[in-house]
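Chemist: Here's the letter readout for the chains.
Protein chains: 2
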Amino acid sequence: MQTQTFSHTMLQSFTEQLFIRMGCPATEARVAAEVLIAADLRGIDSHGVARLSGYVRLWEAKRINAKPLLRVIHETPSTAVVDGDAGLGLVVAPYAMKIAIEKAKNVGSGWVSVQNSNHYGIAAAHAMLALEHDMIGFSMTNASPLVAPTFSNTRMLGTNPICMAAPAGEQPPFVMDLATTTAANGKLEILQRKHLNAPEGWVQDAAGNPTTDVHILKKGGALLPLGSDRDHGSHKGYALGAMVDILSALLSGANYAPWVPPFPAYVPMPAQQPGKGIGHFFGAMRVDAFRPAAAFKKDMDDWMLGFRNAQPLPGHQKVLVPGDPEREMEAERRSQGIPLLSTVVDDLKQVGNAMGVEWEAA
Amino acid sequence: MQTQTFSHTMLQSFTEQLFIRMGCPATEARVAAEVLIAADLRGIDSHGVARLSGYVRLWEAKRINAKPLLRVIHETPSTAVVDGDAGLGLVVAPYAMKIAIEKAKNVGSGWVSVQNSNHYGIAAAHAMLALEHDMIGFSMTNASPLVAPTFSNTRMLGTNPICMAAPAGEQPPFVMDLATTTAANGKLEILQRKHLNAPEGWVQDAAGNPTTDVHILKKGGALLPLGSDRDHGSHKGYALGAMVDILSALLSGANYAPWVPPFPAYVPMPAQQPGKGIGHFFGAMRVDAFRPAAAFKKDMDDWMLGFRNAQPLPGHQKVLVPGDPEREMEAERRSQGIPLLSTVVDDLKQVGNAMGVEWEAA
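Chains A and B, in that order, give the protein sequences.
Using my numbering, the letters of the first sequence map in sequence onto residues 1 to 362.
Using my numbering, the letters of the second sequence map in sequence onto residues 1 to 362.
Chain A on its own, in the form it takes in the complex (with noise of 0.2 angstroms):
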């Protein structure tokens, strides 16, 4: 597949731009393209400007607020749930993260829980969010219906992801970010383009079997849930994505479930809204509310060491830490640029012209 190959400032300015001419205030839309451009950097490639015009699609079907009104709606000293009125969750999702952390500041922890909202782009841009004030982050948000849980073959969750990040000391820090179920959507979108099958586990078709056809979402198909089978534990990955569910929506009036609306405009909203858009779930922990942060940091390092310094199977070079691939990936990507696919660019260069925006190649 052919790719060209752009720089993250590049990036960013366009995708800020196009916010812009969306009708986002302009502090909202650095924010909305930071969380963009950070999945495009840390090698999410599938939550990043290739899904730029997905966003203004859902603005143009009125599914998108650029001009939210974010609020607080119920809240104590330790929790909050945040009204999202619609707007991009790219934007939405650090208001409510720096809610969270604020709390922490004030009472040890926060947790805020956020309803009405739109897709938040990666996870673990909202939880890093906590590192800097030495804090534990959390990040979770529900998602369009596309898994099936165990025994069933109707689509119930999202591929709700679980993310935890947690500062080091000389280390760098732990970042976990991981979708629930045994491989994310934008794992089959790489193997369609490649015209590669899927490893058997994966996905199952319309009648609950097994099979390997990447394209087999459309076609009715399902997710499995983080384990694959019930031999292997898809229970638990079913539980853990029910859990995310439950802390993103049910805990703050967002639609919850199979009736979680889809993130492609084309798709029909459910008949059934039993809640408010879509459900996100952030908390912040100050690790000095338990610990000196610097005994916490300290032993943080020694942990990570250990797991470094592990026997590597043969084949393998070293033993990763979570947050491992996606550091070195921004490292790289910063001063090499962000990778493409033409596909990408020119979807990019379309939305941009329509938008009045011009795609300078950088």
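FYI, nobody ran anything at the bench for these hints, they're computed from the structure.
Hints may contain errors.
Any copy will do: because identical chains look the same in the list, a pair fits if it lies in one copy or spans two.
Said to hold, decoys possible - Listed next, the in silico PhoX-like pairs over lysine-lysine satisfying Cα-Cα at most 25 angstroms (straight line):
1. 98 <-> 67
2. 105 <-> 62
3. 349 <-> 62
We have chain A already, so just place chain B on it with the hints.
Modeler: Positioned in the frame of chain A, the structure of chain B alone reads:
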């Protein structure tokens, strides 16, 4: 395998007496026995009275303190660290969970990390304490290192479970309680007794090669993280187990990663002791710190009915919700008794004899 059946009240009384003979105060002996019997009632046989003699041997080895001074060594309005003073985890855990609940009453949520504890039984027994307060409960613990991270053959983590319990209205509560491995050690023990092999993807041998040998842990092998291999998301199971270790031990000052003290008293303690005892992590969030409890519980009912009414695959009567199998088992065993293997009964009689507690099969 031969089993005999005993009432939970008889097993509760026997266990309570045994803990009293160890020197536990009567109230703590009762609580500890309740936690242990909860495992037998819920069908988690590996964590019930089958483990009782193991706790006694740890006490004999002076690794369990029967009269611990439990105390909070650091706190903020929404967080605390508890020193378990080498007490029974079965006693330390409910103490810490109740602190989380009190903090949630005051400021919306409470989060307690615990150092210097021992094995705490089933995670669900503690998280479920939140339910009667209309709170969501969380419970995690680290454990003896038996799990190799992805791409390694070094045992670095325990089966580190994650539990969340959330109340519903007319439906029973949501209770997920899962080891972050493809299969827990108890599942291997069941296959050992039946002289069966393990499915592929549960364990690897000392060199890191796939194996189905259910005795492989005694030969230097390791349990695999949830996901089994890299293609099926084992790096996610590894990250989830790591998250539990960080919250339970790095935040509290307990031992972590391969330095967690082993449960069997005959296994020597690790030479390095970066912290104190084993670590747990508990959380409680008041539902009405987010939304009116009645609205949340109504949505939980609808959420659960959605899953229960999802299309089951051929050969399955219904789609389950996390907590269903354990609740059904508890109803059955409360009325019909708890079946114990003859080997377990013999072991209990023997330890009862040694401690001067009569086994009265009432």
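Chemist: Next step is simple, just say for each hint if it's right about the structure.
Modeler: Against the structure, the hints come out as follows:
no.: 1; hint: 98 <-> 67; verdict: within (19 angstroms within a copy, 44 angstroms between copies)
no.: 2; hint: 105 <-> 62; verdict: neither (37 angstroms within a copy, 41 angstroms between copies)
no.: 3; hint: 349 <-> 62; verdict: within (22 angstroms within a copy, 71 angstroms between copies)
Consistency with the previously given hints fails for number 2 only.
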